[in-house]
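Whenever a hint applies, use it, and build me the whole structure from the sequences.
Listed below are the residues making up each chain.
There are 2 protein chains.
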Amino acid sequence: MGIVVLGTVALDSVKTPHGSQKNMLGGSAAHFSMSARLFAKVHLAAVVGEDFPAQHIDLFRRRGIDVSSLRKEKGSTFKWEGEYRHDDLNTACTLNTELGVLTCAFPRLDEAQRRIKSVFLANYDPELQYQFLKEMQQPAFVGLDTMNFWIHNKRSALEKIMKKAHLLVLNDAEARDLSLENNALTAARALTKYGPRMVIVKKGEHGALFYSRDCTFALPAFPLAAVVDPTGAGDTFAGGVMGYLAKAGKLTPTHLRRAIAYGTIAASYNVQGFGMQKTAAMAMADVRARFTEYVRFFKFS
Amino acid sequence: MGIVVLGTVALDSVKTPHGSQKNMLGGSAAHFSMSARLFAKVHLAAVVGEDFPAQHIDLFRRRGIDVSSLRKEKGSTFKWEGEYRHDDLNTACTLNTELGVLTCAFPRLDEAQRRIKSVFLANYDPELQYQFLKEMQQPAFVGLDTMNFWIHNKRSALEKIMKKAHLLVLNDAEARDLSLENNALTAARALTKYGPRMVIVKKGEHGALFYSRDCTFALPAFPLAAVVDPTGAGDTFAGGVMGYLAKAGKLTPTHLRRAIAYGTIAASYNVQGFGMQKTAAMAMADVRARFTEYVRFFKFS
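Protein chains in written order, with the numbering used here: chain D, 1 to 301; chain U, 1001 to 1301.
It cannot be assumed that every hint is accurate.
[What the hints assert, rightly or not] Mimicking BS3-like on lysine-lysine, the simulated pairs with C-alpha atoms at most 27 Å apart in a straight line are:
id, chain 1, residue 1, chain 2, residue 2
1, D, Lys299, U, Lys1247
2, D, Lys250, U, Lys1299
3, U, Lys1247, U, Lys1134
4, D, Lys299, U, Lys1299
5, D, Lys247, U, Lys1250
6, D, Lys299, U, Lys1250
For the record, the hints were derived by calculation from the structure and aren't laboratory data.
Right, dumping it as structure tokens:
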């Protein structure tokens, strides 16, 4: 099964207590793809500028990611610069954002891609998420992410696209902001009233909470001694979840739990290196090995 | 198997977004006992003042807790007054503390109690924890908790008692403070160098991390829609952990995971009511029912 992801492909400059790196391959759709590719054929829909290095496109190709809808446009690639402070690796301080081509160009899908059933709308302008989804012929499973900027500035467009989503994936600050509830569980429950019948609240190093009317559970993050760079962990997580579900083709509680566990493991690799250093090198065997270790946490008999 | 707990029995006045209550039964040893009693015979060693209501002692008795070493002394009972703010139910703001009899009296054990193998030294002056432990004849399993005040003001006494502990149970801020490490896992690992071969880092609504040289795992908290009063959740958690281990008499990874799961479930009841409203009413059947639900979170196949 394939999966289409709409999102950003960016050049990230990041400073963390472990060092700093400039103009690394990043962006929501890039991180998502690098994780979801382990489970399903990923079709990456994004726009980059003329300055985007060919080696990054080669990397996507070598990892089996379909880049036919990764459009190169006149202008510069979206750039993000951020910093994580020693006392809170869960929260990025954005130092600079250059939208570049994002302001004037938009990815398009080809005929075959439009027939794919599974789609993830990574963090993007909700109006464009809606427009993109309309191009899909029969999206049977739609995952959606967003961010505080859209919650505060494009609320009605966000509510419109939420109606079309089956699974909402967002971090806990966003869940509280969007629902006006102060508790992760009540926030998730409140958000299902906007359309998505499933909500995952991502809590970074504290794991994730899943809520649907029939099934609620929490899973911890995989404990790590060092978090090198958390950028893209949430997208990597979503890639594991959506990728696994696209491959499984089922939404039973067991499949949902496995999906979130795989997302958790993929995210744990992501944070162990700058940018996509670790996830680009990650193989299914690595994920399976850590998954086995993770599952052992819960062996109660 | 029995278990001895040294700690405080207090009268707590608490304000949370769900309301406020004055002079409720509280204290580290009280919360611990109300949880551990489900698994093992608990011997409560603490000091209260003349103002301590007889009904509270009756409650302990009715719950099967041995109060023969709960000494009533001249003076007033230890009183704590605190508040939890809407945006952070994980952290208590202490408004007032009246030590009362804690400054001049100290619990003693009888002959039979001194022969008990399992002991929990709840948060207390580390010099007195040490003195108390010396009275035990052959403490085979010693659990230890502490708080920031002792970390900063009685560091060397704390290091001395840590050498005697097998299991250190403390919250993540304390773990970071005591180890000077910024990561829960590296903090736990560093703390084993002081003596305890096992460390549990309590993360409140985010669950708990267990570390020993042979076995590391994380477990989530039980998700709840409303946290009414988190006071004593950590002691209730420790009561479940220590109580289960005392009953099991084994420290295999499976038993440790079960112990932490039971502690998690007991703590989830604690936070659903003010003071010991819920834990005093909690029966083993309640804990088992929620444990079954909790274990289902981790059913991956």
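Right, here's what the structure says about each hint:
no.: 1; hint: D:Lys299 / U:Lys1247; in the structure: holds (19 Å)
no.: 2; hint: D:Lys250 / U:Lys1299; in the structure: holds (16 Å)
no.: 3; hint: U:Lys1247 / U:Lys1134; in the structure: holds (23 Å)
no.: 4; hint: D:Lys299 / U:Lys1299; in the structure: holds (10 Å)
no.: 5; hint: D:Lys247 / U:Lys1250; in the structure: violated (41 Å)
no.: 6; hint: D:Lys299 / U:Lys1250; in the structure: holds (16 Å)
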